[in-house]
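Student: With the hints as your guide, set chains B, W, F, A and L onto chain Y.
Protein chains: 6
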Amino acid sequence: MIYVTRKEHFNASHRLHNPEKSDQWNTKTYGKCNNPNWHGHNYVIEVTVAGEPDPETGYVIDLGILKQIIKEKILDPCDHKNLNLEVPFLKGINPTSENLVREFYYQLKEDVDDAASENATLFSVKLFETERNIAEFCPDRAIKIT
Amino acid sequence: MIYVTRKEHFNASHRLHNPEKSDQWNTKTYGKCNNPNWHGHNYVIEVTVAGEPDPETGYVIDLGILKQIIKEKILDPCDHKNLNLEVPFLKGINPTSENLVREFYYQLKEDVDDAASENATLFSVKLFETERNIAEFCPDRAIKIT
Amino acid sequence: MIYVTRKEHFNASHRLHNPEKSDQWNTKTYGKCNNPNWHGHNYVIEVTVAGEPDPETGYVIDLGILKQIIKEKILDPCDHKNLNLEVPFLKGINPTSENLVREFYYQLKEDVDDAASENATLFSVKLFETERNIAEFCPDRAIKIT
Amino acid sequence: MIYVTRKEHFNASHRLHNPEKSDQWNTKTYGKCNNPNWHGHNYVIEVTVAGEPDPETGYVIDLGILKQIIKEKILDPCDHKNLNLEVPFLKGINPTSENLVREFYYQLKEDVDDAASENATLFSVKLFETERNIAEFCPDRAIKIT
Amino acid sequence: MIYVTRKEHFNASHRLHNPEKSDQWNTKTYGKCNNPNWHGHNYVIEVTVAGEPDPETGYVIDLGILKQIIKEKILDPCDHKNLNLEVPFLKGINPTSENLVREFYYQLKEDVDDAASENATLFSVKLFETERNIAEFCPDRAIKIT
Amino acid sequence: MIYVTRKEHFNASHRLHNPEKSDQWNTKTYGKCNNPNWHGHNYVIEVTVAGEPDPETGYVIDLGILKQIIKEKILDPCDHKNLNLEVPFLKGINPTSENLVREFYYQLKEDVDDAASENATLFSVKLFETERNIAEFCPDRAIKIT
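Those sequence lines, one after another, are chains Y, B, W, F, A and L. One point on numbering: in this note's numbering, the residue at position 121 of the first sequence is 136, and numbering is uninterrupted. One point on numbering: in this note's numbering, the residue at position 24 of the second sequence is 39, and numbering is uninterrupted. One point on numbering: in this note's numbering, the residue at position 113 of the third sequence is 128, and numbering is uninterrupted. One point on numbering: in this note's numbering, the residue at position 135 of the fourth sequence is 150, and numbering is uninterrupted. One point on numbering: in this note's numbering, the residue at position 53 of the fifth sequence is 68, and numbering is uninterrupted. One point on numbering: in this note's numbering, the residue at position 114 of the sixth sequence is 129, and numbering is uninterrupted.
The following block holds chain Y by itself, in its conformation from the complex (with noise of 0.2 Å):
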């Protein structure tokens, strides 16, 4: 089993706030993050393909095409935009950086899939809010129970 990665970046405003609740329990939970004049973020995501390379290219997936997906899925409707306001996929979503990776997740799920090699998958998304804030969808990966 072989995993590629491909990593890409973009910038985007955003704040933290569930509309359900009151201002009160948003700027408890949230703090400066529920700032509602918005703060913003470098975003670099890591896309992760899992499964045997192709045997006649050598490729689990063409890279190029990859970043070409991820450019159309993700990054056109993302960079330089409000992630609360401006993204269609998004609606309706608190944009923490756990609800933001299963969207990305799904949303590239299908055309990963078709541009993979036959026996690969889109494996994970990793998603970078910073340097020191990261967050992981990979439903794939097997845990042990303990």
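Incorrect hints may appear among the rest.
Since the list can't tell identical chains apart, any single copy or any two copies may satisfy a pair.
Here are the simulated DSSO-like pairs of lysine-lysine, each with C-alpha atoms no more than 27 Å apart in a straight line [to be verified]: (1) LYS124 <-> LYS82; (2) LYS88 <-> LYS124; (3) LYS86 <-> LYS124; (4) LYS47 <-> LYS106; (5) LYS124 <-> LYS106; (6) LYS86 <-> LYS47; (7) LYS22 <-> LYS43; (8) LYS86 <-> LYS106; (9) LYS47 <-> LYS36; (10) LYS124 <-> LYS159; (11) LYS88 <-> LYS106; (12) LYS106 <-> LYS36; (13) LYS22 <-> LYS106; (14) LYS82 <-> LYS43; (15) LYS82 <-> LYS22.
Hint data in this document are derived by calculation from the structure and do not stem from the laboratory.
Tutor: Using the frame of chain Y, we list chains B, W, F, A and L on its own:
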């Protein structure tokens, strides 16, 4: 002459916009950076002090004190804020990296010079809007006339 | 399953030494890492929590709280300290990266699990002794028997 | 279970080319990576060994010994070389990152397992062709069937 | 005086070789960098423009335009190419980092100066052959005669 | 004028302490950096040589030779050592980054100037105590009197 540098970071939203110009001019000049819904960055700031180390402490400046000055003068007003709307010393400033880094320099100048050793002074402030886009304000570096 | 990671750092001195063995054995086994006058590192620690985000907050764990737990449990006792002599929870531990990262995991376990969302738990702790030498403790990652 | 990783690097030239296919197929499949005059990379390799630390040394593997094995098995044959023409264990291999990383794993396997502690084994090899294009070979990570 | 920098990258193969000298001299002088089968690098280039920001745009230079100039003048001719054989403006140049960075500077000079604000000019070009080996061409930085 | 830089690293322990001052002064001045049980760092050193490339080699200095000089003059005496106790050329020096970087410069000066091309000389030494705390010694950079 010794140069000491402290590196810090903050996250903020902004847009590039010159209010004295038409919307058309702003769109043409700034493109997606003019988005009225804002975008944002993980800014990294490097502050450099130049001079002779104090003979007793061996410090050009105590970097713990420099860190504290950067926190008070830059990070506290800017972190998780909207640079166009919420930072008192940036009122009326179009937040290009060039304009930000010059304002940050003068915001830091007096306190840094006071805290530095007798023969040392603030030398430069460098701002990384992203890893790829960088601005530095450094009024005292000599340039040859060519 | 979502994994969130917080990255922190501390500086410390140490030496590798097994007191139950001869000096000759220690010199042969650890080489310059056995130097009785100590050496040191800028350690980087990455703490990963895995689980389902809380539906109200969208957080697997509030990374601000995770940062605070790492500070209290790891950074406060270890930063600018001698890992062989001064850290209560490392008494009697030979501070290889392997031994450190396991102790750090158990030092963090209870508080992190308490602070994480209902279906989330501490997943792994990764320690960078240098950029080139890394250890990770991850008891719950499933491995195939091959 | 503890994972220890050693990071090394080498520089090499290569081209992607499947000699069983037409020039037209190769140009279409590999684009500029098929350039017959070669291009090159600063490759970074991360080798991870997993297992229980030896109770006497506290090491899963002595990273100094792992460094030496990587040097002999990978860096000496590959550094400043043409990966298509000059590396004995890559003869007949189309040097995609996927193919390289699998060959590197088997090139390292025996010596690493011999040098590791009793209950430890080579776990994965990760190859960064660039910071943005990464491949990992990891036959023992369990994946859920979904 | 403000300095703005744009960072880009490209991958290429090369060898160090002075055709006016004997093979023996070249082997002795350049060692493995003289390999006739080539080796390669992930080059990183940083282009710095110095001057006063335009009062209307707040830009020393529009970094989007600078990015485009670097693409046309450096990346398009050099990326995935053999620097000894395929780059018109490097014909007859022995591609040490020193020689490359000087040629890159003059390749960029006219277009960058045209695109920069009225009082700004190309200041320096920095080339990272690897993270550890770096060359910079900067004709206008004043040096004290000592 | 071309500047070439070589980057190396070493690990060491130290404490900041001025023996001519009281314990109280040292505690107040250096805080946790004064810990009598030492702490340590992964130091990164960047050595820059400035001048004209040799017309035959195209080198300002052979970076392989520069690497060897740094190894002999800095890394061998300092790596995995206690900078206060064990480094002959640092005897009596309080190891602040400022003091270290100046001593490193003079330790390197003669050999680097001998190895550099005819019109080249050691220009600066930069020391990263951490990624965030940096000192540079550069006696020949001209500064404007302001």
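Student: Each of the hints needs a verdict: does it hold here or not?
Tutor: Now for the hints, and whether the structure bears them out:
{"no.": "1", "hint": "LYS124 <-> LYS82", "in the structure": "within (14 Å within a copy, 32 Å between copies)"}
{"no.": "2", "hint": "LYS88 <-> LYS124", "in the structure": "within (10 Å within a copy, 37 Å between copies)"}
{"no.": "3", "hint": "LYS86 <-> LYS124", "in the structure": "within (14 Å within a copy, 32 Å between copies)"}
{"no.": "4", "hint": "LYS47 <-> LYS106", "in the structure": "both (22 Å within a copy, 20 Å between copies)"}
{"no.": "5", "hint": "LYS124 <-> LYS106", "in the structure": "within (19 Å within a copy, 36 Å between copies)"}
{"no.": "6", "hint": "LYS86 <-> LYS47", "in the structure": "between (30 Å within a copy, 16 Å between copies)"}
{"no.": "7", "hint": "LYS22 <-> LYS43", "in the structure": "between (34 Å within a copy, 23 Å between copies)"}
{"no.": "8", "hint": "LYS86 <-> LYS106", "in the structure": "within (19 Å within a copy, 35 Å between copies)"}
{"no.": "9", "hint": "LYS47 <-> LYS36", "in the structure": "within (16 Å within a copy, 32 Å between copies)"}
{"no.": "10", "hint": "LYS124 <-> LYS159", "in the structure": "both (25 Å within a copy, 17 Å between copies)"}
{"no.": "11", "hint": "LYS88 <-> LYS106", "in the structure": "within (15 Å within a copy, 36 Å between copies)"}
{"no.": "12", "hint": "LYS106 <-> LYS36", "in the structure": "within (17 Å within a copy, 33 Å between copies)"}
{"no.": "13", "hint": "LYS22 <-> LYS106", "in the structure": "within (25 Å within a copy, 30 Å between copies)"}
{"no.": "14", "hint": "LYS82 <-> LYS43", "in the structure": "between (39 Å within a copy, 17 Å between copies)"}
{"no.": "15", "hint": "LYS82 <-> LYS22", "in the structure": "both (8 Å within a copy, 20 Å between copies)"}
Consistency with the previously given hints is maintained throughout, with no hint failing.
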